[in-house]
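Enquirer: Please arrange chain R on chain L, whose structure you already have, making use of the hints.
Number of protein chains: 2
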Amino acid sequence: MTMLDDVVVAGVGMHPFGRFPGLTLKDLARVAIIRALTDAGIGVKDVDAVYSSNAMGGLLQGQEMVRGQTVLREVGIEGVPVVNVENACAGGSTALAQAVMAVRSGSSDVVLAVGFEKMFVDDLARTLDALESAADLEVVRGLGIQFTAIYAMRLRARIADGVLSLRDLADVSVKSHANGALNPYAQHRKKVTAEQVLESREIADPLTLLMCSSLSDGAAAVVVARAGVLDSGGRPTVRVRASQSGSGVTTDPGGGISIATQCAERAYAEAAVSPGDIGVAEVHDAMAPAELLYAEQLGFCAPGAGAEFFRSGATEIGGSLPMNPSGGLASRGHPVGATGLAQISELTWQLRGEAGERQTKRPRLALAHNSGGWLEGEAAAVNVHILERMQPWD
Amino acid sequence: MTMLDDVVVAGVGMHPFGRFPGLTLKDLARVAIIRALTDAGIGVKDVDAVYSSNAMGGLLQGQEMVRGQTVLREVGIEGVPVVNVENACAGGSTALAQAVMAVRSGSSDVVLAVGFEKMFVDDLARTLDALESAADLEVVRGLGIQFTAIYAMRLRARIADGVLSLRDLADVSVKSHANGALNPYAQHRKKVTAEQVLESREIADPLTLLMCSSLSDGAAAVVVARAGVLDSGGRPTVRVRASQSGSGVTTDPGGGISIATQCAERAYAEAAVSPGDIGVAEVHDAMAPAELLYAEQLGFCAPGAGAEFFRSGATEIGGSLPMNPSGGLASRGHPVGATGLAQISELTWQLRGEAGERQTKRPRLALAHNSGGWLEGEAAAVNVHILERMQPWD
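Chains L and R supply the protein sequences, listed in that same order.
For the first sequence, our numbering gives the first residue as 80, with consecutive numbering after it.
For the second sequence, our numbering gives the first residue as 80, with consecutive numbering after it.
Don't read these hints as lab results, they were simulated from the structure.
Each residue gets a CB set at the ideal place from its N, CA and C atoms; glycine is no exception.
Errors might be hidden in some of the hints.
[Stated by the list, open to error] To give an idea of the chain L side of the interface with chain R (calculated C-beta under 10 Å), a few residues:
id : residue
1  : Asp84
2  : Gly97
3  : Gly101
4  : Thr103
5  : Val110
6  : Val162
7  : Glu165
8  : Arg183
9  : Gln438
10 : Glu455
With the rest of the complex left out, here is chain L (with noise of 0.2 Å):
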């Protein structure tokens, strides 16, 4: 790859997610657009190209096929090439990874990938029913939602196997909660205790709904373009160093090898790193304890390790691997066409040293983790990015 085709960062923002009644779509996405704009310090007439993420405006607000053109309009981006994509609760990722996609291809050197959802509707029974589309409905269709049951019966099988504890599960909330109230952005910005996680009301066994992501409302919006076209302002520069994508059930004839870890390979082999160069990492955790899970699958440690690998204290903000420092989707909330900038807003912060309250220690490579929709048991979309930080720490 020549230096033609390096991407930065060089713009995120965020609306915090929570419930907000009397905003609409076009109102999160607009303060989220106008915040990375400025932090990448251009205007509207600079972008060239935009990616829009909405997973569910079709069936809750009944805004289909030109939704992003329709939020875009509010803020006056016009003329330029807009494509709306969709990935389930990836979908973030997915108009990051497009918005990159553009920029190596050669057809843009500015783009905008925005992502925005609202979930807090006048009947939330329609949120829940909706969200059964992120899988196959021929399939699904009636059953309830089954993400919460797939981490459920993955857990519950590691506690039986006695490589993770019920009491890892609580405290892994605990940091995410802890974490997430140092958060401006984020929904639950309030600390719980162990106790308090366990004793809240049962989802799915062994899960509580402490440990579980909420409905939300937000936005988040990040501008990559080509390296050397916009001026960094004298902040530190964020470069793209892996973007890989992967969906649907594993073609791996043994079955073991999960999308995530297939995406990560391929990733730590495109950016030339290996997992213990990572510095920070928001991951999805849907529900908090699968952070216990993804931590191996992504190589942070040793298939079954997980658990210990969070014990040691690994993960926590000042460790050596933080993960989640944002909160992650349980504390922050999970606006599903939102999160994946949402990871990325937060990495960018971390790498440039601008994260306040939660920054981690001197991170030179952030990867983050985002995985949507359910095809057998498997995730229907995963997207795997590895940002670097350029200049050196001093």
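Expert: Okay, now just chain R, sitting in the frame of chain L:
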């Protein structure tokens, strides 16, 4: 651009367009995909990535978020990146544009673009409501479908200006149906007379029923590949010479240059050709007479000369620049997410000399114009592709 960036159309395939009450979205898509793979001489394991286009599956079938994955699972394409795209009636060509970009970016060698739609449902009022979401619902909700009205107003203004006549509107519809009658994939395969067109039910003065595209079920698929990766099996090679996209409210301060014209001009520049070099075109005639306007907007004739150009016979199958030899949207049918890829299928057959009774005169260059949605009277998404037959006709 180096030869490494050259992208070819390696295979195309369609499920016939029409009304298929017994078939599901998966059934329609499966046929198109398998035909495109077979046409390309490859199997499901040879596909590196997939772009999937469907516009109304969320609102009509309830399946959002992972629509592509659900149909690919049926075919046995697994594990590869899948991106679900939407852009109203331009979704199919948006999937193609992204597939081309994926090859040009270096991330994939063989990419499938597939579009599928099932508009005939039990209650057709639901389909008409869903079509409204091709525009900003905050603007159009409850106003009924505006597409037809916008086309009608533009055509009425032209008739008032004396640059075209009601008879032209009828005659171009006669041509579309005559072409469609020769197309085994077309929904309406019956010739009509100008009198029948003019006497059919009025939709929006001066447009009548036989001028308009209809609801349709159908699917189309296209395999693109990095040049040299796949064996062409001794057939002529069809290369993608230009892929240009635009959308939204025009940024032209004068307001006079349509997005279609902007995309076409960029496509001619990318391919280093002139409109006069194009040998065959498929354009987005959601109403057949729109072909008269697009002939001008795409530069095939001077502004205001669309009717004169048409009356000359240039746009007939045997003419110098045949337009919509497939029958176009009005006769082939318009299953929203599939149309853009049906255009590419037709043009590929034309360039290879495989179009049977619809075969045009040895075209070297072909142009596809696909348009979707509305924002303040302009298309929300436009894609223009130019394809080239690499080998001379013997």
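Enquirer: Decide, hint by hint, whether the structure agrees.
Expert: Hint check:
1. Asp84: 8 Å, holds
2. Gly97: Result: violated, 22 Å to nearest chain R Cβ.
3. Gly101: 16 Å, violated
4. Thr103: 8 Å, holds
5. Val110: 18 Å, violated
6. Val162: 6 Å, holds
7. Glu165: 4 Å, holds
8. Arg183: 4 Å, holds
9. Gln438: 33 Å, violated
10. Glu455: Cβ of glutamate 455/L sits 8 Å from chain R, so the hint holds.
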